[in-house]
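Which chain is which? The protein sequence lines are A and B, in order. Residue 1283 in this note's numbering sits at position 26 of the first sequence, and the numbers go up by one each step. Residue 175 in this note's numbering sits at position 120 of the second sequence, and the numbers go up by one each step.
The hints are simulated quantities; they were obtained by calculation from the structure and are not laboratory data. A virtual CB, placed ideally from N, CA and C, is assigned to each residue, including glycine. Take these hints with a grain of salt, some might be off.
List time: in silico DSBU-like cross-link candidates among lysine-lysine, alpha-carbon distance up to 35 Å [unchecked claim]:
1) B:LYS124 to A:LYS1454
2) B:LYS67 to B:LYS321
3) A:LYS1330 to A:LYS1270
4) A:LYS1346 to B:LYS242
5) A:LYS1346 to A:LYS1330
6) A:LYS1303 to B:LYS242
7) A:LYS1381 to A:LYS1284
8) A:LYS1435 to A:LYS1454
9) A:LYS1330 to A:LYS1443
10) B:LYS137 to A:LYS1346
11) B:LYS242 to A:LYS1330
12) B:LYS137 to B:LYS153
13) A:LYS1435 to B:LYS256
14) A:LYS1381 to B:LYS153
15) B:LYS256 to A:LYS1303
16) A:LYS1284 to B:LYS256
17) B:LYS124 to B:LYS137
18) A:LYS1438 to B:LYS256
19) A:LYS1369 to B:LYS67
20) A:LYS1260 to B:LYS256
21) B:LYS124 to A:LYS1270
22) A:LYS1454 to A:LYS1381
Sample of chain A residues with no beta-carbon within 12 Å of chain B, all distances over it, derived [claimed, not checked]:
23) LYS1260
24) ARG1263
25) VAL1267
26) PHE1280
27) GLU1286
28) PHE1287
29) GLU1308
30) MET1313
31) ASP1319
32) MET1376
33) HIS1390
34) MET1434
35) LYS1438
36) ALA1442
37) GLY1461
38) PHE1462
Letter by letter, the chains look like this.
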Amino acid sequence: MIKFSRVFKVYEKNIQALTDINFEVAKGEFVFLTGPSGAGKTTILKLLYREETPDMGSIIVDDTDISRLSSGKVPFYRRGIGFVFQDFKLIFERSIYENLALPLEITGAPSKFIRHTVMESLEKIGLAGRENHNPWHISGGEKQKVAIARALIMSPPVLLADEPTGNLDEASAGEIMKMFKDANAKGTTVLMASHNKEIISNSGFRAVRLRGGRVEE
Amino acid sequence: MRLFREVVLNFKRSGFMSFVSIGTIILAVTMLGGFYIMQTVVNFAADQMQNRVEAVVFIKDGASAEEIKLLGDEITALSGVKEARYISKDDAYQDFAKDPEMQKILSSFEGNPLPDSISVKFNDYKAQEINSAVAAIKTKMAVEDVEYGAAEIEHLLNVINAVKYIAGAAGIIFVIAALLVVSNIIKLTIYNRRQDIYVLKMVGATGADIRLPFIFEGIAHGFLGGFLGWLILYAVVSFLAFQVKKETGIDLAAFYAFNPALLSPKFIFGMTGAGIVLGLTGSLMSQGRIFK
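In isolation and in its complexed conformation, chain B is listed as follows (with noise of 0.2 Å):
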């Protein structure tokens, strides 16, 4: 009862000075699950990317069944291939027909001008591996080409990675800040109450006494801090999609299912469970030599 009429006794006299400690918390808190919601959407994009990374070896005229088979075979055989799904020219003409468009372009051909294919999918993103896949398919003797769209998903993919660096680095970046920030404003606390600890010390207070409203100061701006950072950001995630959604049409939040993610308890608990740990750690940070 005492320790928490303390609490609320420093926060009232410490107004501006919570208000940034809560501040700082909340950037950070923010920053750091903004990179969580950032991380899911990307990871979701690049996945559904990958899913996509397909090569399609076109087969010379003139090949055999056999010849055709024994590709297969042999492209199956590779390191990093998922599957080789063998495409006749007719299956390939049917395909194309479906689209009115291309229709029209296949039906100012004589016959079929499709060549037999086959459509090979990658286990994994592995730019390497896959280069050297398909270095490999295309010295096959009925390989008559393979086309394959690496260059820009590896560099789509490059440009999803160092994101993903550099909202690392800021998340870091703003942790350390909002530590020192809210050890220091403690500390600053701490030292406006010098003659109030003064004055607890010498009518017997113990230490325990005297820094625990301090301690549980800190838990209060972190608790607050990471609450209110997860309303901002649901809010400003929120909004983005909402306008999205306006201005295009795409629902982005069913898509990417951010909201889901954003509502969970799991990532509730964590941003504000994220605040108390720094509001704890930098008030724990900022009791030092002060109550010698």
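This is chain A alone, in the form it adopts within the complex (with noise of 0.2 Å):
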């Protein structure tokens, strides 16, 4: 499903992101990416979102080289990809609801078929009846859920997530990290970068370890 080939990256100034990277996830399968700051975690991901290209190496997502990508096909290559990230990235002048819709909305999605969809998705994550209120006046947990709930609204075959759970109590994180294995008990593919080296061990999940922009063997 995802396969990093011989992948550098330099950012301005010399800074060497990552240095041959290499690595598979099958189809399906949920991988940590874990390591100390500065590892490379995020510049993986970024890559994966085509936030970044490589300089070097190609990555390959559902038999498609990434890096080649055309500009104008990125956004369609990012429809069928979940993010969610650790400050949730919600837009806050708009409602839960608004939040929700948006990846529907920019697809052009009937308003019938979105409502259907938002309002199946809050039911899921508890909070049906609340889809007029503000991002601001619910909880941490509950901003992460609205944001993998957007994420996964679209139902992508792959969910990337840059440390989910770093904001939150250990109560909500257990939620966070519930929701992302029922993702992927469902079929969806899980890249997650995270440190928390309990949630890790706890899920039995494989982890790819990073260390100053390399994979540790």
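Using the hints, build the complex out of the two chains.
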């Protein structure tokens, strides 16, 4: 599903972010990216999201080398990928409903379908009846639930997450992890950056360890 | 539908900045519209004045009818002369006598003190042409003198032209200022919304999905600014005309016919259209590398 082959990335001022990265994630697999800050976890996710392009190497997602994707195709590629950020990245001038509806609206889905899908999703995350609230007015755990629901609303085959539990208390983190596991159980490939050793070891999933921009053997 | 909601949302969020942007467009469009109206009035006034530009050639006493006829033909042949009309001293007397005041003055003379004359009208108001024509007429044998109020009219036309140029320059400056203000305000809006734009990109929005709301926002500012500008200009001109009428009794609106010009669909669409062009250009100018 995802395959990094000999990927190098240098940021400006010769900061070597990634050196010779090679790893694979199979379809339907749940894999952690772990390592200390600055190890290159976020860079790998940014490459997968096509926010950055590698200086060398290939990144295959679903048989497509996304490092060679033309910029016009990038938005359509992104519609097949869900992304969850540590800081939620919700739009605070919009209601919870509008935040969830955004990815669907962009695809031009009919409003009836949008309404049905969003309400169903709100039901799942236990926020039914609060769709018109502003994201300011819900807890951090709830904000992250909305963010995950938004990432999953298009039923993407791949779900990426950058420290999604980093800003949350233990109980909320547990609920969030359950959402990811549920999504994975339904067939979504999950790649999650985290340095929470407890979460990783409790999950029983494989981890790709990074240090100084290299994969640790 | 989504586009419309996005534009409304942007408006709500950047209330004060939208206000500044629309206000600047109003200023620019009002300047342009005002300039156009002024141009209409000034051209009208200049036309009126030019029609009245006239030289009067006084003929020496004792000139024969043949000499006068020859002089008339010579004047008509000069370049720039529209017509030369002979006015006999009797005709002049009768004309003057229509005014009771003048009649009093004339009756104090013995006989008719007025000379024969030729009234000369010119095609265009070109000071140089008229001056050389007048100089040429003065050299003719039968001519006593030529009377011509060139200096005042020339001065007035110069002032009118200067005002036209100044207003034109001010209009251009305001248009440039409006473009800069609109584009910078939309730039600021885009900057303020960079997180939203990032989220939109991350969920797969295309460049057009992201840009169009800002472009339409510019168009909306332009439309409102243009139309409000027209409304304000109409109100100001009407108020001024009303005040002039109240104070002096002169109906400027009827005289200069600028009311129909202000109310014509061409003018309203022109001003609104100018606003839209300003808003659109401003928002296009603001869309640079922000979206890369």
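The hints, checked one at a time:
1. Distance check on the hinted pair: LYS124 of chain B and LYS1454 of chain A sit about 119 Å apart at the alpha-carbon level, beyond 35 Å; violated.
2. For the proposed pair LYS67 of chain B and LYS321 of chain B, the alpha carbon gap of about 32 Å is at most 35 Å, so the pair holds.
3. Straight-line distance between C-alpha atoms of LYS1330 of chain A and LYS1270 of chain A comes to about 29 Å, which keeps the hinted pair within the 35 Å bound.
4. At roughly 21 Å between alpha-carbon atoms, LYS1346 of chain A and LYS242 of chain B fall within 35 Å of each other, so this suggested pair holds.
5. At most 35 Å may separate the alpha-carbon atoms for a hinted pair to count; LYS1346 of chain A and LYS1330 of chain A meet this at roughly 23 Å.
6. For the proposed pair LYS1303 of chain A and LYS242 of chain B, the alpha carbon gap of about 26 Å is at most 35 Å, so the pair holds.
7. Note on LYS1381 of chain A and LYS1284 of chain A: the hinted pairing holds, with a Cα-Cα distance of about 25 Å set against a maximum of 35 Å.
8. With a CA separation close to 16 Å, the supplied pair LYS1435 of chain A and LYS1454 of chain A stays within the 35 Å bound.
9. Simply put, LYS1330 of chain A and LYS1443 of chain A have alpha-carbon atoms about 27 Å apart, close enough for the 35 Å limit, and the pair holds.
10. At roughly 79 Å between alpha-carbon atoms, LYS137 of chain B and LYS1346 of chain A are farther apart than 35 Å, so this suggested pair is violated.
11. Note on LYS242 of chain B and LYS1330 of chain A: the hinted pairing holds, with a Cα-Cα distance of about 26 Å set against a maximum of 35 Å.
12. For a cut-off of 35 Å, the pair hint linking LYS137 of chain B to LYS153 of chain B stands: about 27 Å separates their Cα positions.
13. Of the supplied pair hints, the one linking LYS1435 of chain A and LYS256 of chain B holds, its CA atoms being roughly 27 Å apart against a limit of 35 Å.
14. For the hint pairing LYS1381 of chain A with LYS153 of chain B, the CA-to-CA distance comes to about 101 Å; that exceeds 35 Å, so the pair is violated.
15. With a CA separation close to 13 Å, the supplied pair LYS256 of chain B and LYS1303 of chain A stays within the 35 Å bound.
16. The straight-line distance between the Cα atoms of LYS1284 of chain A and LYS256 of chain B is roughly 25 Å, inside the 35 Å bound, and the hint therefore holds.
17. Using a Cα cut-off of 35 Å, the hinted pair LYS124 of chain B and LYS137 of chain B holds, with the two alpha carbons roughly 17 Å apart.
18. Taken as a hint, the LYS1438 of chain A and LYS256 of chain B pair is honoured in the structure, with Cα atoms around 26 Å apart against an allowance of 35 Å.
19. Among the hinted pairs, LYS1369 of chain A with LYS67 of chain B is consistent with the structure: their alpha-carbon atoms are about 26 Å apart, no more than 35 Å.
20. Annotation: proposed proximity of LYS1260 of chain A to LYS256 of chain B holds, straight-line Cα distance about 24 Å (limit 35 Å).
21. Taking the CA atoms of LYS124 of chain B and LYS1270 of chain A, the gap is about 96 Å. The hint is violated against a cut of 35 Å.
22. Proximity of LYS1454 of chain A to LYS1381 of chain A is assessed by CA-CA distance (about 28 Å); at most 35 Å being required, the pair is judged to hold.
23. Distance to chain B confirms LYS1260 of chain A as a non-interface residue, since its nearest Cβ pair spans about 22 Å, more than 12 Å.
24. Every CB of chain B lies more than 12 Å from the CB of ARG1263 of chain A, the least distance being 27 Å, so the non-interface label holds.
25. Every Cβ of chain B is farther than 12 Å from the Cβ of VAL1267 of chain A; the closest lies at roughly 19 Å, confirming the non-interface assignment.
26. Annotated as non-interface, PHE1280 of chain A keeps its C-beta farther than 12 Å from every C-beta of chain B; the closest such distance is 23 Å.
27. The Cβ of GLU1286 of chain A sits about 23 Å from the closest Cβ of chain B, beyond the 12 Å cut-off, so the non-interface label holds.
28. No Cβ of chain B comes within 12 Å of the Cβ of PHE1287 of chain A; the nearest lies about 21 Å off, and the non-interface call holds.
29. With a least beta-carbon separation of about 8 Å from chain B, GLU1308 of chain A fails to lie farther than 12 Å from that chain, contradicting its non-interface assignment.
30. Consistency note on MET1313 of chain A: stated as away from chain B, and its beta-carbon is indeed over 12 Å from all of that chain's, at 22 Å minimum.
31. The beta carbon of ASP1319 of chain A sits about 15 Å from the closest Cβ of chain B, which is more than 12 Å, so the claim that it is off the interface holds.
32. Here MET1376 of chain A stays apart from chain B, with its beta-carbon at least about 19 Å from theirs, past the 12 Å limit.
33. With a least beta-carbon separation of about 17 Å from chain B, HIS1390 of chain A lies farther than 12 Å from that chain, consistent with its non-interface assignment.
34. Every beta carbon of chain B lies more than 12 Å from that of MET1434 of chain A, the smallest distance being close to 22 Å; the non-interface claim holds.
35. No Cβ of chain B comes within 12 Å of the Cβ of LYS1438 of chain A; the nearest lies about 23 Å off, and the non-interface call holds.
36. Against chain B, the non-interface label of ALA1442 of chain A holds: every CB pair exceeds 12 Å, the least being about 24 Å.
37. No Cβ of chain B comes within 12 Å of the Cβ of GLY1461 of chain A; the nearest lies about 30 Å off, and the non-interface call holds.
38. Its beta-carbon lying about 24 Å from the closest one in chain B, PHE1462 of chain A satisfies the requirement of being farther than 12 Å from that chain.
Hints 1, 10, 14, 21, 29, counting from the list given before, are not met by this structure.
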